[in-house]
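Student: Here is how the chains run, residue by residue.
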Amino acid sequence: MYNLTIAELAKGLRAGEFSSVELTQTYLNRIHQHSALNAYVTVTDELALQQAQAADAKIAGGDTSLLTGIPIAQKDIFCTLGVKTTCGSKMLDNFIAPYNATVVDKLNQAGAVMLGKVNMDEFAMGSSNETSYYGPTKNPWNTGTVPGGSSGGSATAVAARLAVCATGTDTGGSIRQPAALCGITGLKPTYGRVSRYGMIAYASSLDQGGPMTRNAEDAAILLQAMAGFDDKDSTSVDQPVPDYLADLNKPLTGLKIGLPKEFFTADLNGDMAATLETAINHYRQMGAEVKEISMPTLKMAIPAYYVIAPAECSANLSRFDGVRFGYRCENPADLADLYTRSRGEAFGKEVKRRILMGTYALSAGYYDAYYIKAQKVRRLISDDFKNALAEVDVIMGPVTPMPAFGIGEKLANPIEMYLSDIYTIAINLAGLPAMSIPAGFINDLPVGLQIIGNYFDEARLLNVAHQYQQVTDWHQQTPKGFE
Amino acid sequence: MSLTANDVKKIAHLARLGIDEQDVESYANDLSGMLDLMTQMSELNTDNVSPMAHPLDQIQRLRPDVVTEHNQREHFQAIAPQVEDGLYLVPKVIE
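Residue numbers (the working numbering), protein chains in the order written: chain A, 540 to 1022; chain B, 18 to 112.
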């Protein structure tokens, strides 16, 4: 039963083949059995079984929500009332959230069952899940490799069948990159599509929550429940949410696909390029037109991102001061010592690096040279995408330069780690929606195909992904030992 | 462009961020590396380009000036490190 998708489980629950309590217990057992993967920070056994019982009663009463009774994992960045919410940091190791994130409220209303909170890079800063205070999560395809990050716990949980689906967040690739490295489907929606209320902020102009699932159909179901205007998020966009399932089966005849030549350079691993070429040929066979496009400013995305994101991070993380919640150092000498030591003792090295970078970029004398310059470059990158998407319906490319790397392999060189975000970061700067879907394997490790679309065109992305999943079975592969 | 150990200490002070003495040198190296990366942006002419703060160029939404929150002081203070009589306690600031 743990190999079934949301749509299949919803049928099974209604046909009385199994109950949500049975389903939930199966998943809880698997989570404890595979705890060595370190996917979960907190498992909420009791709460999950209560929610499952309530779901069974709702289903018996004729409830039709597809998510009712479906066990899901919440990234530990989403505040959950009464449940520890750590954001992967020692700073919040003692933090019991006093309210629910809007996403959590919405999924509760949709009847989903929360299995627990999954591991992540500290404050979502990282591409490997190694910066977590709770230790690295392991990739179920090869436990010596990273699952990617920052939503690494989410990706591992879905890939290893420790949750039917999971929430993730994406600031520079944090949904798409782990989805690619773990062989699952991940969607970063348009900025403003999913509420950020109660989603602990890293870089507010870039952060966006989204679904991480087995396939595109499940992503559509989960996004349907997550998306929508929220008065409590000042950057939420007031636009109606379409029916994401409605267009899944639309034929792709005449679909215009753009391949940016800047994505397919010598920097891209040769096996990766070949795998993507095969995937794109599938689209040609389905009637899509493929053309090369050029986006000359793409290469500026990394420098612009590593000014903007740390700048916003340094401002956002100033709220962690040891006064109102979170970690406080022992015996502070005075108020300055309280701030400095609480922050110094509770933040990890990567978070400190980004706070320092951001503080520097925003400090007097450097603000124009770095921050304003980066925001101008951001505009040019965004214009490049707008021009490209006026010519084509979707843009395709790699998600990562290579499959999953070894745990510890890149920790010593943070800049090298940053450079591996080259294919995902520009999309966050532009605020566009993008997906990663499984497209093959290299040395038994999964590879993702990225599909980028226009603002609020999530339905088309899901359609394009779903059609590919009708003619391929990469998304149905399960890592050995987790079948 | 490169930053010295002293620069790093100054920035850490601005951020009220404690860093270990033994890590200062590696932060200086990492930040210098990041700054090198950032200088690439100067290749791009950005004259007459307006800075982009919001991906959809949305402006701040306003709401009617009415009370929407109710008092949850005790609920929120239940997770504070130290409180007394509804106040957050910190080391004495004024002698």
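No lab work stands behind these hints, which were simulated from the structure alone.
Check before you lean on any hint, since a few could be wrong.
[Stated by the list, open to error] Here are the simulated DMTMM-like pairs of lysine to aspartate or glutamate, each with C-alpha atoms no more than 25 Å apart in a straight line:
| hint | chain 1 | residue 1 | chain 2 | residue 2 |
| --- | --- | --- | --- | --- |
| 1 | A | Lys949 | B | Glu91 |
| 2 | A | Lys629 | B | Asp64 |
| 3 | B | Lys26 | A | Asp907 |
| 4 | A | Lys888 | B | Asp74 |
| 5 | A | Lys925 | A | Glu1022 |
| 6 | A | Lys800 | A | Asp632 |
| 7 | A | Lys795 | A | Asp777 |
[As the list claims (entries may be wrong)] Computed far set for chain A versus chain B, every beta-carbon distance over 12 Å:
| hint | residue |
| --- | --- |
| 8 | Lys597 |
| 9 | Ser775 |
| 10 | Asp922 |
| 11 | Asp932 |
| 12 | Phe980 |
Note that the structure is predicted; figures quoted are calculated from it, not measured.
Don't be surprised by glycine CBs; every beta carbon is placed ideally from N, CA and C.
Student: Each hint needs a verdict: does it hold in this structure or not?
Tutor: These are the hints, each one checked on the structure:
no.: 1; hint: Lys949/A with Glu91/B; result: 45 Å, violated
no.: 2; hint: Lys629/A with Asp64/B; result: 44 Å, violated
no.: 3; hint: Lys26/B with Asp907/A; result: 22 Å, holds
no.: 4; hint: Lys888/A with Asp74/B; result: 34 Å, violated
no.: 5; hint: Lys925/A with Glu1022/A; result: 43 Å, violated
no.: 6; hint: Lys800/A with Asp632/A; result: 45 Å, violated
no.: 7; hint: Lys795/A with Asp777/A; result: 29 Å, violated
no.: 8; hint: Lys597; result: 28 Å, holds
no.: 9; hint: Ser775; result: 8 Å, violated
no.: 10; hint: Asp922; result: 9 Å, violated
no.: 11; hint: Asp932; result: 20 Å, holds
no.: 12; hint: Phe980; result: 32 Å, holds
Going down the numbered hints, you'll see the structure goes against 1, 2, 4, 5, 6, 7, 9, 10, while the others check out.
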